[in-house]
Amino acid sequence: MSFSLFVEQLLNGLQLGVTLFLTASGLTLVFGVMGLINLAHGSLFMIGAYAAAAVAGATGSFLLASAASLAAAAAAGALIEMVVIRRLYSRDHLDQVLATFALILILSEGTRWIFGSFPLYLSIPDWLAGPVTLPGGIRYPLYRLTIILVGLVIAAGLFLLIARTRLGIRIRAGESDREIVAALGVNIAALYTIVFAIGAALAGLSGALVGAIQSVQVGMGEPVMILAFVVIVIGGIGSIRGALIGAILVGVTDTLGRAMLPDLFRLFMDNSAATSVGSALASMLIYVLMAAVLIVRPTGLYGARGA
Amino acid sequence: MKARSLLLAAGTAVLMAGAALAGPVKIGMITTLSGGGASLGVAIRDGFMLAIKQSGRTDVEVIVEDDQRKPDIAVQLADRMVQSDKVDILTGIVWSNLAMAVVPSVTAQGKFYISPNAGPSALAGKGCHKNYFNAAWQNDNLHEAAGAWANTAGFKNSFILAPNYPAGVDALNGYKRFYKGKIAGEVFTKLGQKDYAGEIAQIRASGADSVFFFLPGGMGIAFLKQYADSGVNLPLVGPAFSFDQDILQAVGDAALGVHNTSQWNKDLDNPANKAFVAAFVKEYGRLPSLYASQGYDTANLILSALDKADVKDADAFRAALEAADFASVRGKFRFGPNHHPIQDIYVREVVKEGDVYTNRLVGVALKDRGDAYAAECRM
Chain A
0 MSFSLFVEQL LNGLQLGVTL FLTASGLTLV FGVMGLINLA HGSLFMIGAY
50 AAAAVAGATG SFLLASAASL AAAAAAGALI EMVVIRRLYS RDHLDQVLAT
100 FALILILSEG TRWIFGSFPL YLSIPDWLAG PVTLPGGIRY PLYRLTIILV
150 GLVIAAGLFL LIARTRLGIR IRAGESDREI VAALGVNIAA LYTIVFAIGA
200 ALAGLSGALV GAIQSVQVGM GEPVMILAFV VIVIGGIGSI RGALIGAILV
250 GVTDTLGRAM LPDLFRLFMD NSAATSVGSA LASMLIYVLM AAVLIVRPTG
300 LYGARGA
Chain B
0 MKARSLLLAA GTAVLMAGAA LAGPVKIGMI TTLSGGGASL GVAIRDGFML
50 AIKQSGRTDV EVIVEDDQRK PDIAVQLADR MVQSDKVDIL TGIVWSNLAM
100 AVVPSVTAQG KFYISPNAGP SALAGKGCHK NYFNAAWQND NLHEAAGAWA
150 NTAGFKNSFI LAPNYPAGVD ALNGYKRFYK GKIAGEVFTK LGQKDYAGEI
200 AQIRASGADS VFFFLPGGMG IAFLKQYADS GVNLPLVGPA FSFDQDILQA
250 VGDAALGVHN TSQWNKDLDN PANKAFVAAF VKEYGRLPSL YASQGYDTAN
300 LILSALDKAD VKDADAFRAA LEAADFASVR GKFRFGPNHH PIQDIYVREV
350 VKEGDVYTNR LVGVALKDRG DAYAAECRM
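Line order of the protein sequences matches chains A and B.
Okay, so the first sequence: first residue is 0 according to numbering that gives the first Met the number 0, each after it adds one.
Okay, so the second sequence: first residue is 0 according to numbering that gives the first Met the number 0, each after it adds one.
Extracted from the complex, chain A is given alone in its bound form (with noise of 0.2 Å):
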């Protein structure tokens, strides 16, 4: 493998780390404030990406799409939390996924009524298609480029948000002690529906930022929470520093495994048992890798909880 090509593979696993973070950040705030396994965060990635379509469709304008995504999943993350997800908190964690579970079925049904069965168009804006040449002679997408731009200012925005904001510092003393905030006058259920909300929205905006350049169909944005919980299982849940890492690694590891192993197994295998011994463990890096970091570190790179 020649350098180029190894950089724009490096490249390739920040850009899937970068939108991986999008979605992991609102499920690690989301259980690490309320203790909420949310298995219907893949749902609101989805919502994101039809409600970029929708606009795009009808305004041909990718920035109201975007926004279109923030203000549709917020939306429908805030409106979830207050009529379901509310009701969860002090139920222990298998009534949540079942409850999740059936918010999932729900939302892709509902989601399929309303659009069809059919997959939706939603593509790159024209000031964004095509390659450009980096230095050393990479050319590589500009669209994924901004993507990892995008994605790296959001998450600079939301360490800045938890560490220097007055919201920052409720969310903080939610996640230690409720009662307490509680006590001291801060609302706590309108804390935890804006906590929801905001991560609501960060998985609606990768929904869309991912879905003009994958496609839009119900059923999404649930291999996208599978690996959203790898990340957070990674970066030890409920913090999202370790969100930010555990997704550059699950991103990086299964971009280079997916390129790199096959050629690996080559050095002393046939090449068709190559191939396929190669893809079948590069499938498998991903957790592969949780497992060894769970080994290391039972709470993940920067879990605090049950230490």
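Worth flagging that the hints you see were computed from the coordinates, not collected in a lab.
It is possible that some hints are incorrect.
[What the hints assert, rightly or not] Part of the chain B face toward chain A, derived, beta carbon under 8 Å:
1) Gly35
2) Ala37
3) Val41
4) Asn163
5) Glu185
6) Phe187
7) Asp228
8) Ile246
9) Gly251
Note that CB positions come from ideal geometry on N, CA and C, so glycine has one too.
Please arrange chain B on chain A, whose structure you already have, making use of the hints.
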């Protein structure tokens, strides 16, 4: 999810007096109507139901159930249809892994299974059965046609990729069976993978002159959009599964000009096809896809056999199915010895007609193609 729709064709009609009817013929349709794969099942169901409706028969009852793309659910549904609903014929399954879970058991119980889509090699060769018919294709067929067309197009060094599951392995083998050039690279992707940046980078670095890919449904949409944006301009070829009418609109310009192989297209010039396309558009307000054409042909095959024989007389009914005496929308159509089609497979090109992305016929890739497994079948 458990929508159970009973449709008595031309439901208001009253049973004809005098005819000693033993009750309606029951057809059980197990197909994917929810989740990510639903667009295929919906197309098959719509095509099938259109043919039943057109036939005007009042004695055919179709029971439609959603398998959610899960083998265990498909098996439960099949058991219930056979044991409680007492269906005579089963059909509808989209995916090969579901077909493998259902078909051997229902045919062993003496029921007929007519596949409108999945055609795994295991059921075409040693695992063939006298009561199993495939009205679409054997899984390898469209890939073989892509390989044959690659020779015509002068491809000498193809990069090939498919998901890592049985149908993906069949796809690459099918392509290589007819393709005579070199292989620049061979990659198995994860099933359900949506990000192909890594693979596209490998294609760029491989020195290939062409790319063959089999990535059905949403995987194909994702790949085509990312490929178009990558600046890699090598010609693409693949089976029709990534270019069917229902998903092309979601791919948009990224698919324009791509060649793909199919046993059917909407501009195939025969009367049955013209009537089908017009009736489908009138009934559902959209152009039919490949899958809809397969559902439609499957229903017409069953109806043609019902016209000739009583389904309770298994031998006579089987002989009537083998005759395939119906006007297929594909034009020429007959069954080989293993109950899989022998048919022409065409090359199509993605074009834009007005605002609609669709395919037009370019030529024939393989004439009278049967399949590679027929010789292994002992019925």
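> Can Phe187 (chain B) be said to touch chain A, with a Cβ gap under 8 Å?
Replying inline: holds, 4 Å
> At a threshold of 8 Å, is the proposed contact between Asp228 (chain B) and chain A supported by beta-carbon distances?
Replying inline: holds, 5 Å
> How about Ile246 (chain B): closest beta carbon in chain A under 8 Å, or not?
Replying inline: holds, 6 Å
>> Please check whether Ala37 (chain B) passes as an interface residue: C-beta within 8 Å of a C-beta belonging to chain A.
In response: holds, 4 Å
>> Interface hint check: Asn163 (chain B), Cβ to nearest Cβ on chain A, cutoff 8 Å. Holds or violated?
In response: holds, 5 Å
>> Next item in the hint list is Gly251 (chain B). Is there a CB on chain A closer than 8 Å to its CB?
In response: holds, 5 Å
>> Hint Val41 (chain B) vs chain A: min CB-CB distance below 8 Å?
In response: Hint holds; Val41 (chain B) Cβ to chain A Cβ min 5 Å, cut 8 Å.
> Given Glu185 (chain B) as an interface hint, is the shortest Cβ-Cβ distance to chain A below 8 Å?
Replying inline: holds, 5 Å
>> Would the hint on Gly35 (chain B) be counted as holding, given a Cβ-Cβ threshold of 8 Å to chain A?
In response: The hint holds - Gly35 (chain B) has a Cβ within 8 Å of chain A, the shortest such distance being about 3 Å.
This entry satisfies every hint, going by the numbered hints stated previously.
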